[in-house]
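J.: Dock chain one against chain two, each of which comes alone in its own frame, and use the hints as you go.
Just so you know, the protein sequences line up as chains A and B, in that order.
With numbering that gives the first Met the number 0 as the guide, the letters of the first sequence map in order to residues 0 to 267.
With numbering that gives the first Met the number 0 as the guide, the letters of the second sequence map in order to residues 0 to 256.
Read the hints as simulated data drawn from the structure, not as lab findings.
Heads up, some of the hints might be wrong.
To be verified - Estimated spans, in silico, between C-beta atoms of each pair:
| hint | chain 1 | residue 1 | chain 2 | residue 2 | range |
| --- | --- | --- | --- | --- | --- |
| 1 | A | Asp141 | B | Cys240 | 30 to 38 Å |
| 2 | A | His205 | B | Thr8 | 37 to 45 Å |
| 3 | A | Pro238 | B | Val81 | 53 to 61 Å |
| 4 | A | Ala176 | B | Pro102 | 38 to 46 Å |
| 5 | B | Thr8 | A | Gly53 | 54 to 62 Å |
| 6 | A | Lys246 | B | Arg254 | 28 to 36 Å |
| 7 | B | Val96 | A | Glu129 | 40 to 48 Å |
Unchecked claim - Far from chain A, by Cβ distances over 12 Å, these chain B residues were calculated:
| hint | residue |
| --- | --- |
| 8 | Trp13 |
| 9 | Pro38 |
| 10 | Leu107 |
| 11 | Ala109 |
| 12 | Ile158 |
| 13 | Ile171 |
| 14 | Phe175 |
| 15 | Pro182 |
| 16 | Ala206 |
| 17 | Trp255 |
For glycine and all other residues, C-beta sits at the position ideal for the given N, C-alpha and C.
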Amino acid sequence: MNDRAPHSMSVTSGRRGSVALARVSVNFGQLLVVDDVSLGVAPGEFVSIVGPSGCGKTTLLNFAAGLLPSDVIRGSYLVGGAPPVSGNRDIAYMLARDALCPWRTALENAELGAEIRGVPPPERRQRALELLDKVGLKGFEDAYPKALSQGMRQRVALARTFSLDAPILLMDEPFGALDAQTKLQLEDVLLSLWQREQRTVVFVTHDLSEAVSMSDRVVVMSARPGRVVADVRITLGRPRSVRALQKDPAYHELYSHVWTKLEEGLSP
Amino acid sequence: MTDRTTTWTVPQIWAGRVAILVAFFSLWEQVAARKLIDPILIGRPSGIVTFLWQEIFVTGSLIKDLGWTMLGTILAFLLGSVCGVLVGMVFVTRPTVEALLSPILMALNAMPRIALAPLFLIWFGLGIGSKITIGFSLTFFIVLSSTVAGGRGGNPDHITLARTLGASETQIFRKFILPSAVPVIFNGLRLGLIFALLGVIGGEIIASEHGLGQTLTVLAASFKTSGVFAVILLLALVGVCITWGMTWLENWLLRWR
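So that you can see chain B by itself, here it is in the shape it has in the complex (with noise of 0.2 Å):
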């Protein structure tokens, strides 16, 4: 966050941000409350609370399905990713594989996912296979190209440098090629983590047994919004916590920056 002009401090900058969120949140409950709005169709901010409240600490079954789904996206998301930063890296340094493949490749990626998970519904049933398979054939695909977009990036100046001084074909690509290409591949990283969860999320959503997707199915047949909003506003948390964490990690792999 650059300061520009700003003459406010940051503790005032945060207090300002509560005010917002209190303001907003007062509104909303006082429309509910007042039936401005049918609280069926927006919930109540008060409702939110108590139903994280009961599923949170009481009964701890939101925490269980948090899990479900936590669990489908990291599997999701290293499956994908690995696969994705391997094939990719096979892309960069074999170009008859790669001119074999790629189209191929390209044609699957084309596909809508959302589409084939019915399909993936019927062969790797209702449980979190289906559902990891979904976030993996997302994050595959975005891992894979922008770990050939960041291996083709490299400097030229390197290749010469390293030719001049002798370098084999491996020791080019793990000291030029694999280093230079980590930055790029970080953003894949970042996006393929993303859509894993939206794999997961979705997958859960058409049919499942577990996981916050599943919960929010439930909740929003049975018109339990305040439950809706509740879910969404975890599912956010995880968002943003996954952003934090992945820009963490990415400042601490790429300080040289």
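Same shape as in the complex, but just chain A (with noise of 0.2 Å):
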């Protein structure tokens, strides 16, 4: 267990799947959002960002899907080794709510992503029912959101944003509005496609067991300004199963260390 792991920023700026912030501050106007932070995700690796709310934690991930003006920020930012713009065909974007368009059907709405960027319809298609079928939502192809439960529309955003062919995913907060029972199937559901293509991932949350149980590593942040408090590496094995984790000691004990480490982030 390592607080502030390497950052090795050398390394990992520059590559396709990498995400790069050297000493990045954000400013809307005269509030400081995000203050100084500096941060390296490698290809692949899952990393969880914490912290309260109005941290910061969404600003950056909008700024690395290139929704900000270049203006408010002071700093560098890489995305796959360039900076930051929107429509960036390396990134997919999952927001906190689902996005679903209610007159397309769950098959059609897992399509959109590929759609706007162009992929031709036979494959999109066959992407999208695959991985409707991975996220089990096998026989509701042709269900309106209307028909589906909170859970199921969240299966089929994740649907729509695994079919794109992005290195590097962004969620910010996906599993927020879910109830416990149904973050936990999701959350399993989110892992074993990861861990099937092993893509980058940062996924912002102030859910801290949701974060732990995932990540490879978790990084916490303070309150606003935004600050890296702690960055720290989750030990637990690969594959990984959320449900299992929930009675593992060994996540406990990352879990209050994490807990720790957001505390003395809010006492300033």
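T.: Structure below.
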């Protein structure tokens, strides 16, 4: 268990699937949202960012996705070796809310991302069908979102995210609105998808147990202005099952360690 | 129709409805026959039936006039809604154009359209052209404002998602803004169709060569009250059919709701 894991910035930056932040600060007008954050995510790594509300974790994701103007940022932010741009094909973004189109069926929703990025119809349909199967929605391909539960809708959103062949997945509290049981199920679905393909995941959440159970590393941020308080390597083995971990003492030990760090970050 | 605590079956409900109508028309017939109220004022159900039979199946004149009215309504509706949707979409996608034109159109819309009818009659004559213009002037603004409202009511998450996916402006419009606006636009279309009918009938009442509105004025001027009621009944039927047809179309188009 080593805090402040080596960033290996020089190694990770510039490679496809890597994310590298060096001394990044973000100001919205007078408001300092993110303060001097340095962070490296290697290709294929699953990194969670946790912290209290308003600590700038979503801002960091939005930045990587090219959703913010470049004049609010200082420092260097590289996604796959290049500065962030919106519509970067190396990135798949999953929002907190499912953002499904109610006028599209589950299958059409799962295809949406690939459709916009110009993947030919037979190919994207095949991929979407496969992913709907993997997220456990076989038989619901033609259902409209109104007929799906919250958990099922988020499964469709997972399928839509994974049906893009982007090496970097940015996830902004994708399971935040789900009940505890559904959340555990979907965390396992996400892990199984990720373990097959080993894509880079940057996962923002305020749920510590979610972060510890899924990630390779948990980055703890302080209250605003957001700073990195700790970078904890999660030494649990792979493949993991989130549900099985709930009874694992090693998991609980890591959890309380991260919790301590988070509390330190809350008290100034 | 929701079944709450009703213990009546559907056929019973229908039988009840028929009974109420039969009772109402019998009462009306008796009141008119015994001259408790002068039939010149209220007409007679039997007179209405005779009139309808005569004018629909014998002379066919009512069908011809209905045809003129419906032709005017449909053309007014089509022109008005197509223009309304197109201008509305330009407003949604080009805020400058909206800032420029919106107040002018609002002022036009504030004019009581029926007051413009005499002007339209001078410009487009007694024929169907003036009726279409009146109907158009009503439908256009209704559909325009619902299109603008629908185009604004999109889900911001969709736009965020579209931008991270690298969607072009055209894609954002076609795949997100337009489909999410359809339900609201449809409310405008439904209302627009009723108002197209209203505009056409209104125009025909003021001055016309054909149409149910014109028939109505002629009948009323010669105190053929049963005939007036017959035409009103026919118009009510047309209204019901329009509403029913639009509901069917809406349910089919918006089956995802």
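J.: For each hint, tell me whether it holds in the structure or not.
T.: Here is how each hint holds up against the structure:
{"no.": "1", "hint": "Asp141(A) <-> Cys240(B): 30 to 38 Å", "verdict": "holds, 32 Å"}
{"no.": "2", "hint": "His205(A) <-> Thr8(B): 37 to 45 Å", "verdict": "violated, 55 Å"}
{"no.": "3", "hint": "Pro238(A) <-> Val81(B): 53 to 61 Å", "verdict": "holds, 58 Å"}
{"no.": "4", "hint": "Ala176(A) <-> Pro102(B): 38 to 46 Å", "verdict": "holds, 42 Å"}
{"no.": "5", "hint": "Thr8(B) <-> Gly53(A): 54 to 62 Å", "verdict": "holds, 59 Å"}
{"no.": "6", "hint": "Lys246(A) <-> Arg254(B): 28 to 36 Å", "verdict": "violated, 46 Å"}
{"no.": "7", "hint": "Val96(B) <-> Glu129(A): 40 to 48 Å", "verdict": "holds, 45 Å"}
{"no.": "8", "hint": "Trp13", "verdict": "holds, 31 Å"}
{"no.": "9", "hint": "Pro38", "verdict": "holds, 55 Å"}
{"no.": "10", "hint": "Leu107", "verdict": "holds, 33 Å"}
{"no.": "11", "hint": "Ala109", "verdict": "holds, 35 Å"}
{"no.": "12", "hint": "Ile158", "verdict": "violated, 9 Å"}
{"no.": "13", "hint": "Ile171", "verdict": "violated, 9 Å"}
{"no.": "14", "hint": "Phe175", "verdict": "violated, 7 Å"}
{"no.": "15", "hint": "Pro182", "verdict": "violated, 9 Å"}
{"no.": "16", "hint": "Ala206", "verdict": "holds, 45 Å"}
{"no.": "17", "hint": "Trp255", "verdict": "violated, 4 Å"}
Hint violations for this structure: numbers 2, 6, 12, 13, 14, 15 and 17, all remaining hints satisfied.
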